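Trainee: In order, the protein sequence lines correspond to chains A and B. Every position in the first sequence, counted from 1, becomes a number in my numbering once 213 is added. Every position in the second sequence, counted from 1, becomes a number in my numbering once 11 is added.
Errors might be hidden in some of the hints.
[Claimed, not checked] To be clear about the criterion: a stretch of chain A counts as covered by chain B if any three or more of its residues have a C-beta under 8 Å from a C-beta of chain B, and this derived list gives those stretches: (1) 265 to 273; (2) 383 to 389; (3) 401 to 409; (4) 436 to 449.
[Claimed, not checked] Here are some chain B residues pointing at chain A (derived, C-beta under 7 Å): (5) T175; (6) G345; (7) H382; (8) V395; (9) E582.
Read the hints as simulated data drawn from the structure, not as lab findings. Source: prediction; values computed, not measured. We put the beta carbon where it would ideally sit given N, CA and C, even for glycine.
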Amino acid sequence: MAVVLVLVLVVVGSVLFHLLSPWWWTPIASNWDYIDNTIIISFWITGIVFAAVVLFMAYCVFRFRHREGSRAAYEPENKRLEWWLMVVTAAGVTALLVPGLFVWSRFVTVPSDATEIEVVAQQWQWSFRLPGKDGRLGTSDTRDVTADNPLGIAPKDPNGQDDVVVEATDLHLPVGKPVKVLLRSIDVLHDFYIPEFRAKMDMIPGSVTYFWFTPTRTGTFQVLCAELCGQGHPLMHGVVMVDTEQDYLAWLGQQQTFAQLSAPKQTGSANQPSGKTMASGLDVAAKLETLEAR
Amino acid sequence: MVDVTPADAVPPAEVGEMELYHPHSWWTKYVFSQDAKVIAIQYSATATSIGLVALVLSWLMRLQLGFPGTFDFITPEAYYQFITMHGMIMVIYLLTALFLGGFGNYLIPLMVGARDMVFPYVNMLSYWIYLLAVLVLVSSFFAPGGPTGAGWTLYPPQAIMSGTPGGQDWGIILMLSSLILFIIGFTMGGLNYVVTVLQGRTRGMTLMRLPLTVWGIFTATVMALLAFPALFVACVMMLLDRALGTSFFMPAIVEMGEQLQHNGGSPILFQHLFWFFGHPEVYIVALPAFGIVSDLISTHARKNIFGYRMMVWAIIAIGALSFVVWAHHMYVSGMNPYFGFFFATTTLIIAVPTAIKVYNWVLTLWRGDIHLTIPMLFALAFIVTFVNGGLTGLFLGNVVVDVPLSDTMFVVAHFHMVMGVAPILVIFGAIYHWYPKVTGRLLDETLGRFHFWVTFIGAYLIFFPMHYLGLMGVPRRYAELTDMTIMTESAHHLNSFISIMAFIVGFAQIVFVFNLIWSIRHGREAGGNPWRATTLEWQTPQTPPAHGNFGKELPIVYRWAYDYSVPGAKEDFIPQNVPGAFAPSREPA
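Please model the entire structure based on the sequences and the hints provided.
Mentor: The structure is reproduced here in structure tokens:
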């Protein structure tokens, strides 16, 4: 009888945990509440199925447990019941799949007014690039990465000269404007993930991947790397601040363009050690060392 | 619905009596044995031993997650080595080896009524190459730089770069070599299992009379023979990238400010190859569990498995479909996003045959005569955890829902529930069930019940709450869960709770291993057929079965494997080799 009790408790306990526990998703800050809604639909359908199957099992164990002289029925199959169950299951699966694919089609369809921005990952930090006045990002290539050009922006591409480079520090975005995030890595796989925005996508060296979203409220959000990228992976944090239009423009005014950044460097000493790429990589390396020393 | 009469039901066997190699010495009997039963025990013992290593590794990583900063020796480097080795050992060297090499070897010949596997010598080689693979894997713990810390998915480029433990040392090379060896060894065994099921069945054992255990292991083996080659080529290519500097998976890369020599390779190609193997692998583990649990439920509920034919077709449908769902592991990998529509659809379709199996298990309980033996308890617990883990699979398979949950603790909780806890509960149930056939004695009942309750309740308490950490956004594969704004104080407490439960559940496994050893001598004598089961392995003249399994004459099969509680029959079970139809035999025609 303990089994029956435990099976019932598993169902009751799981449902209560779901309803009462303090652990739930973070307050959303993007337009992807569609995704949250799809998750809610999934919880309802799967929760009902889980409760039904386990409670049915508990009932069977209670009702048909072995007693002296009892004997099982002999029923090899029941075609009608089996087909009926198959149809109900197919209906349940369709009820999950249809809204899921509907939201996915939105997820992969980038609105035409979305601003393109670029996120560049490397072990173990985030950098960003915004299009300049021409509204276009210049081309880039990992082969162009040097100490003075850590994002590998093509030096000869005129479209890239006015690109705003935000290296190894916070990114700001204006609230309410859709952005298409172009994702690039210069070393290993990374994944640009902000839990409050719900969206994430891997970054692959040699390719440009993307996703889009619209920030819906101002605030400071932590960027997490969500694809194992070596031992600095858990320390690869970044910050995205969603600003009002005014604050955003003020911040943008203080940023430097690619042309501005590369100009003084050309006259600098050739012996200047390693530049920013190395420096910031070393930053995490130092953090790792303190961890290991602890 | 035909009446079974020996005349129309006993076609001649497809191969004649086989000539067995009879061992001449202790060495050829117990060490270099060609007897599938001995090989099965060797496989099982090796898999269990390496599994215990994986258990200890899981403790170490839970120490770090539950009590961050307390244990100095668990550096990020060490943490990644622990998770990588834990994952790879559990999936490949424990679950695959135990289900196919262990249960497959022991049960296939006995259940189909064969004297041994069709190619006993190759079968022996299979085990020794598996052992070599395990030793190479273990050696990486002692190699310079330690084992690889690339995660069990071994994604390049990081797997072979210096930012990853073992990436530029021996670790990754030993891991890839070990996998290559494993696949070679498995292929030898796998061919044996397939040919034995197809060609080695005794007279009267038609395909539709096979116990579902055999169907599950057979289908899983066919899948493994088709899926492992993808992993094989991926391993060879990565080995070349690492050792010879080729660029199969390596594009142009700047590592810590330095341009590497690689150019033009595709990291995502590796992911396709890996998951073309990796998804079928989930079912390579699950299908034998499905088959075995069907037989456990039927035997201990004294009732035929409900919807046998549907069960067989569901196994085959799942096996086939599992080859067209692999990219659901890659929704956020950066592959063409339009793939998502296709792979979400195929993934959710696979839920239908899977659900049918669940319904048929619980409908087998309906109007049964349920004996709450330890195997039955594990079978019930399997259904709970499998349904739970299967349903969260509907979240992750449904492409857009996967976007926030992918690479979080939700995924960790999901796959541990569905392909960790659930199949392992079946393994336990199966060991309690067949141990008496292997040793002649029953496992100790009290220790067994203690083991069951702690394992089932403990594992559920570990992995059920873990989903909610993932929902919160806590990523997987983080050696440090500090400095994260999304994680509340209480979430850290939950993590500590999970770690404590992991220790308790792990402890119960030590009790289980003790029971395994202790009961060999001290267990209650079981007799030949303690569960009063119908299948052929319980009808052998000796227990444990002698070399050649069935004495002078091979059994002749007259009925399906599920004649429990047949109306009119005196006993509540009729073994497969008992002639004559008790009216009305309603074996599916």
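Trainee: Each hint needs a verdict: does it hold in this structure or not?
Mentor: Verification of the supplied hints:
For the region 265 to 273 of chain A, the stated coverage by chain B holds: 5 residues have a C-beta nearer than 8 Å to a C-beta of that chain, and at least 3 were required. Counting residues of the region 383 to 389 of chain A whose beta carbon lies closer than 8 Å to any beta carbon of chain B gives 0, which falls below the threshold of three, so the coverage claim is violated. As drawn, the region 401 to 409 of chain A meets chain B at 6 residues by the rule of a beta-carbon pair under 8 Å; at three or more, the given contact holds. Note: the region 436 to 449 of chain A has 12 residues with beta-carbon separation from chain B under 8 Å; the three-residue rule is met and the coverage holds.
The beta carbon of T175(B) comes within 5 Å of a beta carbon in chain A, closer than 7 Å, and the hint placing it at the interface holds. Restraint check, G345(B) versus chain A: the minimum CB separation of about 4 Å is within 7 Å; hint holds. Because the smallest distance between the Cβ of H382(B) and any Cβ of chain A comes to about 5 Å, under 7 Å, the interface hint for this residue holds. Residue-level restraint check for V395(B) holds (minimum Cβ-Cβ distance to chain A is 6 Å; threshold 7 Å).
Look at E582(B): its Cβ only gets to about 11 Å from chain A, farther than 7 Å, so that hint breaks.
The structure shown violates the earlier hints numbered 2, 9.
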